[in-house]
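Q: Residue numbers (full-length UniProt numbering), protein chains in the order written: chain A, 1 to 150; chain B, 1 to 150; chain C, 1 to 150; chain D, 1 to 150; chain E, 1 to 150; chain F, 1 to 150.
Among the clues, some could well be false.
[Claimed, not checked] If you anchor each label on the Cβ, the simulated ranges turn out as follows:
1. R38(F) x D71(D): 52 to 58 Å
2. S109(F) x R110(C): 56 to 62 Å
3. R38(F) x L139(D): 58 to 64 Å
4. D105(A) x V107(E): 52 to 58 Å
5. L117(B) x E120(A): 47 to 53 Å
6. R35(D) x R38(F): 38 to 44 Å
7. R66(E) x L117(D): 31 to 37 Å
[To be verified] Per the computed footprint, the stretches of chain C lying under chain B, defined by three or more beta-carbons under 8 Å from a beta-carbon of chain B, are:
8. 31-43
9. 91-100
Hints listed in this document are in silico derivations from the structure and should not be mistaken for laboratory results. Every residue gets a Cβ at the ideal spot worked out from N, C-alpha and C, and that includes glycine.
6 protein chains.
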Amino acid sequence: MAQLVLPHEANVHGSVLGGTVMHWIDLAAAVTANRHCRRPVVTAAIDEMSFLAPINVGQLALISARITLVDKSSMEIRVEVGSEDLLTGEQRHTSTAYVTFVAIDPVTSRPAPVPPLILEADDEKAGHARAIERRRQRLARRAESTTAGR
Amino acid sequence: MAQLVLPHEANVHGSVLGGTVMHWIDLAAAVTANRHCRRPVVTAAIDEMSFLAPINVGQLALISARITLVDKSSMEIRVEVGSEDLLTGEQRHTSTAYVTFVAIDPVTSRPAPVPPLILEADDEKAGHARAIERRRQRLARRAESTTAGR
Amino acid sequence: MAQLVLPHEANVHGSVLGGTVMHWIDLAAAVTANRHCRRPVVTAAIDEMSFLAPINVGQLALISARITLVDKSSMEIRVEVGSEDLLTGEQRHTSTAYVTFVAIDPVTSRPAPVPPLILEADDEKAGHARAIERRRQRLARRAESTTAGR
Amino acid sequence: MAQLVLPHEANVHGSVLGGTVMHWIDLAAAVTANRHCRRPVVTAAIDEMSFLAPINVGQLALISARITLVDKSSMEIRVEVGSEDLLTGEQRHTSTAYVTFVAIDPVTSRPAPVPPLILEADDEKAGHARAIERRRQRLARRAESTTAGR
Amino acid sequence: MAQLVLPHEANVHGSVLGGTVMHWIDLAAAVTANRHCRRPVVTAAIDEMSFLAPINVGQLALISARITLVDKSSMEIRVEVGSEDLLTGEQRHTSTAYVTFVAIDPVTSRPAPVPPLILEADDEKAGHARAIERRRQRLARRAESTTAGR
Amino acid sequence: MAQLVLPHEANVHGSVLGGTVMHWIDLAAAVTANRHCRRPVVTAAIDEMSFLAPINVGQLALISARITLVDKSSMEIRVEVGSEDLLTGEQRHTSTAYVTFVAIDPVTSRPAPVPPLILEADDEKAGHARAIERRRQRLARRAESTTAGR
Chain A
1 MAQLVLPHEA NVHGSVLGGT VMHWIDLAAA VTANRHCRRP VVTAAIDEMS FLAPINVGQL
61 ALISARITLV DKSSMEIRVE VGSEDLLTGE QRHTSTAYVT FVAIDPVTSR PAPVPPLILE
121 ADDEKAGHAR AIERRRQRLA RRAESTTAGR
Chain B
1 MAQLVLPHEA NVHGSVLGGT VMHWIDLAAA VTANRHCRRP VVTAAIDEMS FLAPINVGQL
61 ALISARITLV DKSSMEIRVE VGSEDLLTGE QRHTSTAYVT FVAIDPVTSR PAPVPPLILE
121 ADDEKAGHAR AIERRRQRLA RRAESTTAGR
Chain C
1 MAQLVLPHEA NVHGSVLGGT VMHWIDLAAA VTANRHCRRP VVTAAIDEMS FLAPINVGQL
61 ALISARITLV DKSSMEIRVE VGSEDLLTGE QRHTSTAYVT FVAIDPVTSR PAPVPPLILE
121 ADDEKAGHAR AIERRRQRLA RRAESTTAGR
Chain D
1 MAQLVLPHEA NVHGSVLGGT VMHWIDLAAA VTANRHCRRP VVTAAIDEMS FLAPINVGQL
61 ALISARITLV DKSSMEIRVE VGSEDLLTGE QRHTSTAYVT FVAIDPVTSR PAPVPPLILE
121 ADDEKAGHAR AIERRRQRLA RRAESTTAGR
Chain E
1 MAQLVLPHEA NVHGSVLGGT VMHWIDLAAA VTANRHCRRP VVTAAIDEMS FLAPINVGQL
61 ALISARITLV DKSSMEIRVE VGSEDLLTGE QRHTSTAYVT FVAIDPVTSR PAPVPPLILE
121 ADDEKAGHAR AIERRRQRLA RRAESTTAGR
Chain F
1 MAQLVLPHEA NVHGSVLGGT VMHWIDLAAA VTANRHCRRP VVTAAIDEMS FLAPINVGQL
61 ALISARITLV DKSSMEIRVE VGSEDLLTGE QRHTSTAYVT FVAIDPVTSR PAPVPPLILE
121 ADDEKAGHAR AIERRRQRLA RRAESTTAGR
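Just chain A, with the same shape it has in the complex (with noise of 0.2 Å):
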């Protein structure tokens, strides 16, 4: 998914606006939940997302999305934001996160079962692993914040 930033999209810096690319790595994110399990879906938290770079008008956005974890009816993808400068093709590394979505049964609205993740290479295993103590220190903190009020 490439998207070429335009001038409307920009902030006051001349850059694209935080939120916009939140959306486009939401949207990026829903469209590969959706591939994966067949069924509507909804965003359901966002772990981490860092903006390491800006991405500045007349750049193209590139995002690209894998599905690193499943978890009953949950799923975590990671989105990969870079910019890619058209007049030069010099590409930089902007934005990693970790988007989690529910599948849900479109006649109950309630969350309905994902088919499991199938690992083959190396890397993806590894990945996993991560992706296994995120989720773990995600439901910590959760527990935590409940516990404490905020």
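Use these hints to put chains B, C, D, E and F onto chain A, whose structure you have.
A: Just chains B, C, D, E and F, lined up with the frame of chain A:
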């Protein structure tokens, strides 16, 4: 900050897109950061963002943002999103997010110092302690993901 | 209600379009009318709307709305718009508008009764008296323009 | 000027938002003022704007604008909006608005003089007399609302 | 149909995007087709569309459309686009396009017959003869590209 | 390039507007032309664009673009559009377009030379021969429409 959910912001389920809520959260947090430091700011990271319930077309989204941590040139903002059904008046909490912004010097485009956060109420102090812990965990996660590759 | 003015909302002078401010005023007034009557509402008329100063790109638009008159199924809402320069904190009053909404029965699509307005403070009562006078003048103007043709 | 009402411009009733119609009226009036004075213009005030009937998704909005009063640097424009059902050809009058624009000197950003209005037909002269009366009432209302507070 | 070019429609050269002009052409042609047949229509093909000169931000785009050929359920529409500089009044021709629409039966979603085109003026007849020749060439090109693969 | 079709891009039939597909085709072709010549480019013409099947809300639009002809400063790009039903995975071919872009010198704003196209595979050579024939016909049609008037 309040946003009426118009039909053109809906997904195919008739509720507002996750990416649109992210966009509102980013803008509300940017304004709060701006008002604290009176300098240009850019989105640096999202640590957590949860989507607990959908906001439907015709409902009102209520967005409130508060600064929870200041560290040199970065500010962490907590954003709470709720929905209000305009026909019944019923309100629900739908999202909590922690977004980090960095203040930018308008001339050099480099990070610029930010005034410290003055904490008065006891719950502000407790919130601040939890923000410091979140920041510690975030930096740990990043260090780890850098050494481990992806 | 607050709106950060993004570049894509600007006219060629670098300030927000009159039509965009009108759109914000309409939405803020609609929400206020909705909350009063808890029914669907439609815009019926604008009596006055002034644009005293421009709101520039990168400034914050602050919009507040209050109900000033109720008559059977119609509600007059006063909307005030101001700007805040996010780098200096300076605020200015930019627009005042009086917008009339009509409550609609969702089944018959015909005008539906609206609860009366309870006035407590003295300035609310004085504001209400002026609203009644505005309404009288408006109906007179309309009667006149109908008989006179255009 | 004609606008096809697309689904993304609809409110929850399936008809176009009041604020979107206001936006079209503002643009049509701005172009008419622009063509009269061949200078940059800004919206100064709306005196009256009525919404008599909804324009539904899939219908065509027909917008026509005519200059009705010139006074030093300000121009009053009357805008008429109608709807056309594309399947039946039926047309309805839906809105009338009076919008005042001010011509701006591009260098000083201050109000700039505007060429006088040449009235030829009898109905133009009658329309002009009514425009002068509207302007007198508007200035009276403003003087009053300034002395009375709000 | 007239469109004021707002900054958010510009590309990085300060002129309106080709894709935005295409969108306006499509809407103007759809309305013209709709008015001829009073049925729902869908875009079937574009035969030619030229972009001779840019339309800049702050200029007015003037779009006119005329039906040039009817064949069973399809209609060919010629769309002319020009620009007007609002400060000087200078007009230029910027695009010509030939777009083909098909009328659709709202119940069966299949092509539906369209009333014939009545030609009166001599230039209409000459235009019609050229339209028939364009259609012949188009069908020939399609047949060829189907047999030749790509 | 992939685009999820959101409800706000739909026409009244629940499928994406022809003009929106044209906009995506223009952007995809512009990026491809940009990457070939590493210069600013502007849309010069569309020769053919077909819409064979609708793309519905909630489906994914898949857009691929390839350069087929280079001549001095102009590049012809073929764009293919397909749809994917996210719930079933079924894919369909929906549009083919040939769009011509011209490279622009950023200083003089005049056409600038473009690197030649290197053809390797046999099907690329066959495609190139057909592109030359399309260009010959296009120039013939234009010469004709200029001499014949319209």
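Q: Would you list, in rising numerical order, the hints stated earlier that this structure does not obey?
A: Numbers 4, 9 - these are the hints that the structure violates, sorted from lowest upward.
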